[in-house]
Amino acid sequence: MLHTVNKSSFERNSLQSCLNTIDDTSVILLIEDGVISAAKNANSPMLADLATQGRVYALQGDVDARGISTKVADNIKLVDYAGFVDLVVEHGTAVSWV
Amino acid sequence: MKFSIQINEGPYQHQASDSAYQFAKAAIAAGHEIFRVFFYHDGVNNASRFTMPPQDDRNVVNQWAELDIKNADGEPELVVCIAAALRRGMLDESEAKKNGIEGNNIHPAFRISGLGQLIEAGIQSDRLVVFGD
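Taken in order, these protein sequences are the chains called A and B. Quick note: to get our numbering, add 33 to the position in the first sequence (first position is 1). Quick note: to get our numbering, add 1020 to the position in the second sequence (first position is 1).
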């Protein structure tokens, strides 16, 4: 499954809810204000662990729009909208955490 | 692959409608089909033909209209939830007439219908992606 998170973890706990629920094969895509969690200093240990497994993505345009492109944690992969579409195709059911 | 999209948030609030639009455009560019876009909750405000943003800003409603998502019968597949729409003062011609109200504000590239259309979109499509608040 693909889990999208679109709110900052400073605003809502949707990322944490997602992390508490996610199974061993699912991936997370951070979009909109959700990309704030992709910054190195905002990283939760659980998210960092998933990122080292290559299971965390962030939407490039939203990262750039928030001025954090140089601060994205190393293991988080950046994708554009075409990459977003590919993730939805590849991972089946898409769950939106808001 | 067949995609449907659900939008739960109005235009110019956060980003849901813009994200969904960019996603739809990328999906079409990659050769996928958009079966239906369903506007629910405050998302129904994305269908107002009276939307007039400043000239240097994008027009979210017209952007959707220009995607021109239609079915084989030529009906729009930008579908607005009827209950959510009527609550928020969004009416098409027939609903305005039915309720004795002068004027209507649903853009002609959109159509009003029921929640069953969302369920059907979920069944008929390979993927349903939700954007919103």
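There may be inaccurate statements among the hints.
The calculated lysine-lysine pairs, modelled on DSS-like cross-linking and capped at a C-alpha distance of 27 Å, are [said to hold, decoys possible]:
1) K110/A / K1022/B
2) K73/A / K104/A
3) K1118/B / K1090/B
4) K1090/B / K1022/B
5) K73/A / K110/A
6) K1118/B / K110/A
Just so you know, the hints here were simulated from the structure itself, not pulled from any lab data.
Consistency of the hints with the structure:
For the hint pairing K110/A with K1022/B, the CA-to-CA distance comes to about 26 Å; that is within 27 Å, so the pair holds. Only pairs whose Cα atoms come within 27 Å are accepted, and K73/A paired with K104/A is accepted, the gap being roughly 6 Å. Proximity of K1118/B to K1090/B is assessed by CA-CA distance (about 26 Å); at most 27 Å being required, the pair is judged to hold. For the suggested pair K1090/B and K1022/B, the alpha carbons sit about 13 Å apart, so the restraint of at most 27 Å is met.
This hinted pair checks out: K73/A and K110/A have alpha carbons roughly 13 Å apart, not beyond 27 Å. Between K1118/B and K110/A the CA atoms are separated by roughly 52 Å; this puts the pair beyond 27 Å, and the hint is violated.
In the structure shown, a violation is registered for the earlier hint numbered 6 alone.
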